[in-house]
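**Student:** Chains as they are written, first to last, in our numbering: chain W, 41 to 215; chain F, 35 to 366; chain H, -9 to 629; chain A, 7 to 211.
Careful, some of the hints might be misleading.
Said to hold, decoys possible - Taking lysine to aspartate or glutamate and the EDC-like style, the derived pairs with C-alpha atoms no more than 16 angstroms apart in a straight line are:
| hint | chain 1 | residue 1 | chain 2 | residue 2 |
| --- | --- | --- | --- | --- |
| 1 | H | Lys568 | A | Glu24 |
| 2 | H | Lys550 | A | Glu27 |
| 3 | H | Lys568 | A | Glu27 |
| 4 | H | Lys568 | A | Glu89 |
| 5 | H | Lys568 | H | Glu549 |
| 6 | H | Lys568 | A | Asp159 |
| 7 | H | Lys550 | H | Asp560 |
As the list claims (entries may be wrong) - Residues from chain W that keep clear of chain H, each with C-beta distances beyond 10 angstroms, as calculated:
| hint | residue |
| --- | --- |
| 8 | Gly116 |
| 9 | Gly146 |
| 10 | Leu164 |
Calculated directly from the structure, the hints in this document are not laboratory data. Please read these numbers as outputs of a predicted model, since none were measured by experiment. C-beta: ideal position from N, C-alpha, C; glycine also.
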Amino acid sequence: MLMCIVDVSLEARNEPAMISRAGSRWGLVLIALSLAGCGKEARTLTADLPQTPPHGRDDPRIPKYQNNAYQIAQGGRYFGWYGCGDCHAAGASGVLDLGDGRWRHGSSFDQVYRVIAHGHPGELAHYGDRIPTEQLWQVTAYVRNLPQVPTDKRRRQDHDAQGEPTGGTWSGAKR
Amino acid sequence: MRRGLAFLLLLGGCAGQQTPLAPGGEQAASLFTLFGLMMAVTSVFYVLVLGFLGWAAWRARGHWSRGAAPVVEPDDVGLSRSLVVWAALIIAGLFLLVGGSFVAERALASARAREALQVSVTGHQWWWRIQYRDPATGAVVETANELHLPVGRTARIELGAADVIHSFWVPNLSGKLDMIPGRANSVDITPRQLGWFRGQCAEFCGAQHAHMAFSVKVDTPAEFAAWLAAQARPAATPADAAAARGQRVVVGGQCAMCHVIRGTAAGGRAGPDLTHIGSRRTLAAGTLVNTRGGMQGWIAHPQAIKPGTMMPPVALDPADADAVSRYLESLK
Amino acid sequence: MSTAPDPVAAAAAAYTDQLASVWSDAPGLWGFLTTVNHKRIAARYILAVVALMFLAGMLALDMRLQLSQPNLNRMDPQLYNESFSLHGSTMLFLVSVPVMEAMAIWLVPLMLGQRNLAFPRLGAFSFWLYLGGVLMLWVPHELGITPDLGWFEYPPLSGPTYSPGHRADIWAQMITFTEVAALAASVNIVATILKMRPPGMTLARMPLFLWAMLITSLMTMVALPAVMLVTSMLIADRLVSTHFFVPAGGGDPVLFQHLFWFFGHPEVYIIFIPATGFVTAIVETFSRRSVFGHTALVLSVISIAVLAFGLWVHHMFAVGLPRLGNDFYTAASMAIAVPAGVQIFCWIATIWSGRPRFATPLLWVAGFIMTFVIGGLSGIMTASAPLDLQLTDTYFIVAHLHYVLIGGAIFPLLGAFCYWYPKATGRMMSERWGVIAFLLIVGGFNLGFFPMHVLGLEGMPRRVYTYGPEMGWGTLNLVATIGSTIAILGGLVFVANAFLSQWWGRPAGANPWGGATLEWAAPSPPPPHNFDHTPVVDSLTPMWTAGGTLNVMDGLGLEKREVLITSVIDAVPQYRQKSPEPSLWPLIAGLAVTMMFVGSIFTPWAIVWGAIPIAASLTMWFWPQRERRPSGPMRGRLR
Amino acid sequence: MTDAIATRRVGSLSGLPESAEGARHLVWWGNIGFMMIEGTGFVLAAGVYLYLRSQSHGWPTAGAHLPDLMWSTIFTVGLVLSELPNLWVLKCARTQNTRGVRIGTLVMTLIGVALAGLRWMELQHLNAPWYESAYGSVVWMLMVLHTSHVVTDLGDTGVQSAWLFTHAIGDDQFADVEDNANYWTFVVLAWLPIYFMIYWLPRLG
């Protein structure tokens, strides 16, 4: 329980909206959040399938992805496999840099989801129907979490996944 | 010798497709002989130990329950001498076993010098990517979860890992060897017996470590060449309307993001190569028998079959699902 | 009392009461939290271990039920992976090593005729840290954040990419916890055995259990830093992005395996060698003769300890290291069969040439020999590098490790429990239920785990949560499940026997078995100060050569706690050391270290800020109690 | 209690002293025990350095640079020189020289603070961040390992000095000063091979 409270307090730091809304009911929220905090570590392998995209900013399914380390990590792997990492790499600049915390089309979950699914220009516009819905949820959760990931941690994770395929290429296991 | 040992160990499925006790390869055969030597030597020592213990207990059978006055520092000249004999016996037994190990090691190492068929196998989280070199064009021929080897010829399997540590193990043919990111391991296999064998990952690699198996078919050299030539060819064009519809769904839909079907626009590299999926014996790395029903089930609900697998569920309406399975089965 | 109280007896009783009051703790919870009494600390360890053994046993039963038939879905892979990780980590880090230390913490002072360990507060601190380690693993388990990567957690699977969240960190910090506790305990035991032996107990007259504990503690002090270093490196890789285990950055995943197994193999001997001490003590007492080949046994224990550090690579034969290296490790791994064989010979020869009385402790030794030798011989098979390529990571290894750990360490532990239970509680355990528990446990264990040898030879890999029906492993797995259930049932009978005998057992008196070593000179249960006077030793078996009256020396302090310090080789009395009073600071220091370890999972800064409360609590712990300074610039003004 | 074995008094321990120094003292052995543990940790960490060096192509790996020699050499010389006052404090503890022990521990504390400052400067000039490569990681691991020992022993000496100034010193406290001095010698000796390995081996090898 201690860990979850510490976990939540760290998390609350980077969600300003949560603190202002809590106001006087801080104790109650803290306990509720500490339970949610444990959700961060839950690892439900067979996630129930949200066949539909998120409807609005407060879709109840969002925390199950945005606040779950496993779902974010899965999003990261598909982010690599689907080739998103080719353009949105760690060192990308300008609009391609997903880690700078600036969102041109809005930072809420459903807005980022819509950009990934339908916002890409030209022949990349097919992600909406070429990537299964659950994977879009996971990739969205990963992308929205990127600003919290320090650059050296992201580089370290990219080094670990160097042997993995990216989009249409696979350069072979690093031997 | 094998039947004797099998009987000794009261084995049920020893003649199975995944056991070191039914060697079908040169390497597994020398290890099986070494195992026989080990069983013999260790059984002798165990019988001796139990014998001494039983004898010691039987000698005092008269008064097992009554305590007696203790004897301090009795002279044990006889026992000291027998201790030296016992230690010598152990050392002799060990020399026998260490010698046997070195002989077996040399037998395994001798394959290193032979000209060998180059195959590269890469471990992914929870399936095997297998690549041959097409003898005609030199291009890489990729398949997955099914390894074909020509009988009698040594194959040098280059082992790599794309994500975490796995371990390549076909017990009927040879010992296992780990697949470690950043390390160039290779194992030599010289099959002697035709037929199907089964290999399984032997290093814990995450949620679906239990369902990371692969089939091994030892063919005659002619069969092997025919099989490799078939694998090198691009995918067959769909013969009937249903298969054509299936191809449109696969190539235009979600499958193409992760799978490649040579000869079509599907070019994703994240998942196994499906160019000749129809010719494979199993699906999902040895989890399902390759049938159309199995194929549809795996596409619609992979999490039910392999909970935690990275294969996403692809929701298709029944007609498309049926067409897709017909098309994939047609890719012999 | 018809006759007038005998004045001499009255004076002796007053002397004992005075000593008992000086050495006893405060009553109630405060006494419980501040005690430095080695017996109370050892009792806590053992109670925690029994509870954890039950919990980990239930996990094992869960896994056996899941594997009893093909394709069962009683557990999904995530739950199964959590179960075997928790089972392995708990049994090795939280049960086996601590229980051997607990037996040492309880027994070493008694066997030395001493009143307490060398560093009593360090003993208390090591328990509180161990308890922190237990909570560190089991509280997250209750919260559903159980580590799920096995008891070894190889990177890259345990790296930042393939193991998101904090599960791997929880495992890594639990290890740092329990290893600091184990290191503290071993320093304590080494100092006690080297510097606090009774007058006359030269190294040549030291019973084998003390040799075993001395060597185990020295091994601990050299092996455990390796696992603490490697888990800290893993946490650094996960939290501050160091590149120890990632090939792309110049690191190497095999480095983790080298460091882990450099600790891993000595650790299993750290668990086994104390058991040789138990077996020797039991065999000596129940064969009614001093053990045959005492010197051979001591040399065997020493050579096992030295060899243990030279053969860790036999856990890595399938990694693909150079073949010549593997052959060297084959020879080194097989060489350990010589000292082990010598030990087995000496024990059987003692029974053979004595007049053995097969009470439950000697039954357990017989069970140990029958079971452990199978484990030792299967170990010889896996020691061969080529053959290990077929055997490693299969159920053959699961069978081997259980035969050498349960057969080689837990059976002697259960025998030791029956043997020293009367000393600890003053009552005998029931022989009838002891034999029933023995038959159930040894029979169930062999029925459960011998088929696993065959399963491994039939190609069943380790750590698989299920298997297909076509593999033909169903029947043997069912037999294994039935056997394991019987063994656990036997375990419950044993614990029930131990628990109920505290009230229903026959009163035991000081030396119910006619033992030879000094702990049988103390009353049962021993008072807080163990011995009224300091016994003098003149042989390996003091109680037998004392002939009814034990030579003792008095003169240790009566008003304050004192222990005798003697020379290392010949145990010549040197001086009387003041023994620390009970104190809460070890508990507070333990809490401070717990805070630091828990915090360091979330932010490396926790180590920096966490160090301040630790420094403060350690300062108060070691703050000497002496009067203020009478003269000079800083004299007493601070009062 | 009834049937405990009868005892016969054959001597008394009351004549024994109540303290000792050097290897006769119990706490000395505890100190040696912890030095053995931390020594093993240093040896293994050095082993990790040499292992990673043998595995990698270039050492230091591409992108990382060799650490500067200036601050580290000043620190090392300072550390070795600090052994002189340290041995003096040891002698004072052995001869139970109350004033010498108080002054000595104060001096050692000040030297410790100075060395900690030098070590801070040294850490700024390692030229290889720990998150860049395995080389940086292992160099920083060794530095953090040794620095933690310098800081802990500095803190220990400081607290000891404060206590000595404010209390009447007994024999056991002289033994404590002796153990702390021995521990500082261990910290100095542990640094020398690491210094050579980190700063000179890549340059010579």
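**Student:** Now, for every hint given, state plainly whether the structure supports it.
**Tutor:** Okay, the hints, checked on the actual structure:
Restraint check for Lys568/H and Glu24/A: the C-alpha separation of about 8 angstroms stays at or below 16 angstroms, so the hint holds. The straight-line distance between the Cα atoms of Lys550/H and Glu27/A is roughly 21 angstroms, outside the 16 angstroms bound, and the hint therefore fails. For the hint pairing Lys568/H with Glu27/A, the CA-to-CA distance comes to about 14 angstroms; that is within 16 angstroms, so the pair holds. Between Lys568/H and Glu89/A the alpha-carbon distance is near 31 angstroms, which puts this suggested pair outside the 16 angstroms criterion.
The suggested pairing of Lys568/H with Glu549/H holds, with an alpha-carbon distance near 11 angstroms, which does not exceed 16 angstroms. Between Lys568/H and Asp159/A the CA atoms are separated by roughly 25 angstroms; this puts the pair beyond 16 angstroms, and the hint is violated. The hinted pair formed by Lys550/H and Asp560/H fails the criterion: a straight-line CA distance of about 27 angstroms is larger than 16 angstroms. Against the 10 angstroms criterion, Gly116/W falls within the reach of chain H, whose nearest CB is about 7 angstroms from its own CB.
Chain H leaves Gly146/W outside its interface by the beta-carbon criterion, the shortest separation being 26 angstroms against a cut-off of 10 angstroms. No Cβ of chain H approaches the Cβ of Leu164/W within 10 angstroms, the least distance being about 25 angstroms, so the stated non-interface status holds.
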